[in-house]
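Its first residue numbered 1, the sequence shown is counted upward by one per residue in full-length UniProt numbering.
Worth double-checking, as some hints may not be accurate.
[Said to hold, decoys possible] Keeping only pairs whose Cα atoms sit at most 25 Å apart, straight-line, the calculated SDA-like set for lysine to any residue is:
#	residue 1	residue 2
1	Lys-39	Phe-22
2	Lys-70	Leu-81
3	Lys-70	Arg-48
[What the hints assert, rightly or not] With beta-carbon atoms standing in for the labels, derived distance ranges:
#	residue 1	residue 2	range
4	Gln-58	Arg-33	43 to 49 Å
5	Leu-81	Met-145	53 to 59 Å
6	Lys-17	Lys-78	56 to 62 Å
7	Leu-15	Arg-51	27 to 33 Å
8	Leu-15	Ala-46	17 to 23 Å
Since the hints were derived computationally from the structure, they do not count as laboratory data. No experiment lies behind these values; they were computed from the predicted model shown. We treat Cβ as the ideally placed atom computed from N, Cα and C, and that holds for glycine.
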Amino acid sequence: MLSNVLGLLFLTSELVKYLSRFLELGAVLEPDRPVKADKVAILSDAVRMVRQLRSEAQRLKESNEELQAKIKELKDEKNELRNEKQRLKADKEQLEQQVKAMSAQPGFLTQPPSISAALAAQRQAAGNKLMPVIGFPSLAMWQFMPPAAVDTSQDHVLRPPVA
Numbered sequence: 001m002l003s004n005v006l007g008l009l010f011l012t013s014e015l016v017k018y019l020s021r022f023l024e025l026g027a028v029l030e031p032d033r034p035v036k037a038d039k040v041a042i043l044s045d046a047v048r049m050v051r052q053l054r055s056e057a058q059r060l061k062e063s064n065e066e067l068q069a070k071i072k073e074l075k076d077e078k079n080e081l082r083n084e085k086q087r088l089k090a091d092k093e094q095l096e097q098q099v100k101a102m103s104a105q106p107g108f109l110t111q112p113p114s115i116s117a118a119l120a121a122q123r124q125a126a127g128n129k130l131m132p133v134i135g136f137p138s139l140a141m142w143q144f145m146p147p148a149a150v151d152t153s154q155d156h157v158l159r160p161p162v163a
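Build out the structure end to end from the sequences listed, making use of the hints.
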């Protein structure tokens, strides 16, 4: 009989532990509401909360994956922009070099060396005869004219053909 009483006390203490755990679980699930004593209601609330938390975790995982993909796209775009910036810097430097080279040339034009050599060969072939002086060989004078004077699109209206 003593063993029965001890067994009953042990079972009672275990039931009290389980009941206190259910009450703690109910208090954790809904801290602002009064604690429920119904185990089924507490378990159903716990299941509902677990499902809700799982769905939120899944939503957060999907959001994280989307953000990671967006980060990858932005990094790729950043690298493309960096490469384009470097290419544009190189182009700018090349254009600056060309501008410096053009501005460093003298204001007057001299004969190109290939033409001078050709003229020298002609002079030698001619002997002591005088050769005409060519002022600006291979220099087109129209490039110094204003664009309006070079435009020929309205010539037929402004200057009718003469028979």
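Okay, the hints, checked on the actual structure:
1. Lys-39 to Phe-22: 7 Å, holds
2. Lys-70 to Leu-81: 16 Å, holds
3. Lys-70 to Arg-48: 33 Å, violated
4. Gln-58 to Arg-33: 43 to 49 Å: Between Gln-58 and Arg-33, where Cβ atoms are some 27 Å apart, the hint is violated.
5. Leu-81 to Met-145: 53 to 59 Å: At 43 Å between Cβs, range violated.
6. Lys-17 to Lys-78: 56 to 62 Å: 59 Å, holds
7. Leu-15 to Arg-51: 27 to 33 Å: 28 Å, holds
8. Leu-15 to Ala-46: 17 to 23 Å: 19 Å, holds
Of the hints listed earlier, those the structure fails to meet are numbers 3, 4 and 5, in rising order.
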